[in-house]
Amino acid sequence: MDLSDAYANAAYIPGAADFPPRWSAAAEAFRAQLADEGRYRSLAYGAGAREALDLFLPKGEAKGLVVFVHGGYWLRFDRSVWSHFAAGPLAAGWAVAMPSYDLCPDVRISEITRQVAAAVSKAAEEVAGPIHLTGHSAGGHLVARMLAPGLLPDAVAARIAGVVPISPLADLRPLMQTDMNAGLKLEAAEAEAESPIFQPAPQVPVTVWVGGDERPVFIDQARWLGEAWNCAVVIDAGLHHFDVIDGLAEADSPLCRAVTGG
Numbered sequence: 202m203d204l205s206d207a208y209a210n211a212a213y214i215p216g217a218a219d220f221p222p223r224w225s226a227a228a229e230a231f232r233a234q235l236a237d238e239g240r241y242r243s244l245a246y247g248a249g250a251r252e253a254l255d256l257f258l259p260k261g262e263a264k265g266l267v268v269f270v271h272g273g274y275w276l277r278f279d280r281s282v283w284s285h286f287a288a289g290p291l292a293a294g295w296a297v298a299m300p301s302y303d304l305c306p307d308v309r310i311s312e313i314t315r316q317v318a319a320a321v322s323k324a325a326e327e328v329a330g331p332i333h334l335t336g337h338s339a340g341g342h343l344v345a346r347m348l349a350p351g352l353l354p355d356a357v358a359a360r361i362a363g364v365v366p367i368s369p370l371a372d373l374r375p376l377m378q379t380d381m382n383a384g385l386k387l388e389a390a391e392a393e394a395e396s397p398i399f400q401p402a403p404q405v406p407v408t409v410w411v412g413g414d415e416r417p418v419f420i421d422q423a424r425w426l427g428e429a430w431n432c433a434v435v436i437d438a439g440l441h442h443f444d445v446i447d448g449l450a451e452a453d454s455p456l457c458r459a460v461t462g463g
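According to the working numbering, the sequence shown is numbered sequentially starting from 202.
Hints listed in this document are in silico derivations from the structure and should not be mistaken for laboratory results. Watch out, some of these pointers could steer you wrong.
Computed cross-link-like contacts, DSBU-like style, restricted to lysine-lysine with a CA-CA straight-line distance of at most 35 Å [unchecked claim]:
id, residue 1, residue 2
1, Lys323, Lys260
2, Lys323, Lys264
3, Lys386, Lys323
Produce the complete structure using the sequences and hints provided.
Next comes the structure, spelled out in structure tokens:
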């Protein structure tokens with residue numbers, strides 16, 4: 202199997218190039234609206250330029266915190282592309298944090314994991330109550346990593362009420378055989394250490410979500426995590442790697458309800 206092709210998403214999605222600019226435009230408009238309403242803040246969680254998060258607040262007291270971590274194979278994007286996907290949890294009464302993080306090859310994936318843990322911890326200081334984590338693709342990997350023992354401070358880990366990795370990379374070892382590893386720089390030890398399938402099964406509820414029209418390896422990755430952790434796997438029929446997250450924008454969608462525990 203050509204693993205570079207197997208893990209290629211855009212080449213197999215009609216109109217793939219239109220998605221990022223459409224996301225960015227919708228996200229910018231969403232932030233402007235929330236800023237006008239006084240419900241949007243940006244916060245640093247570290248010293249680096251990309252170590253920052255956007256925090257969106259619901260109308261009224263928040264039920265708790267949802268953290269969304271973006272994807273892009275740890276190589277692309279930042280928090281500014283995804284803001285509008287906070288709409289669903291916000292409408293359901295949850296605050297939403299969306300962090301940026303440094304990208305490969307400037308840092309290793311293990312450093313990105315550390316940064317996301319710092320971002321979750323910072324957001325947890327700002328919003329009381331239960332914490333739900335979700336992320337897409339590489340972001341699905343990163344939120345799954347947050348369940349590794351000792352990664353989050355005990356007080357923050359104790360507040361994690363549920364995790365929904367969407368189209369996650371759960372076993373990083375195959376990525377060593379892809380062209381993108383020129384940027385990821387994964388070696389065997391890090392690939393294993395950073396693979397959620399090798400973590401102990403967590404004690405909090407986890408639902409793995411993946412589109413039914415995704416590349417077969419992404420459905421495999423979702424199933425591998427479900428098997429390793431003995432957790433639910435939802436295959437969302439008819440959705441590909443780019444539109445599988447659309448439900449996050451709607452409070453009453455099955456995906457958003459899974460994310461918020463509703």
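Exercise. Is it true that the CA of lysine 323 sits at most 35 Å from the CA of lysine 260?
Worked result: OK: lysine 323 and lysine 260 at ~21 Å, within 35 Å.
Exercise. Going straight from one Cα to the other, do lysine 323 and lysine 264 come out at no more than 35 Å?
Worked result: holds (17 Å)
Problem set entry | Hinted pair lysine 386 and lysine 323, Cα distance within 35 Å | This hinted pair holds, its Cα atoms lying about 28 Å apart.
Comparing the model with each numbered hint stated earlier shows that all of them hold.
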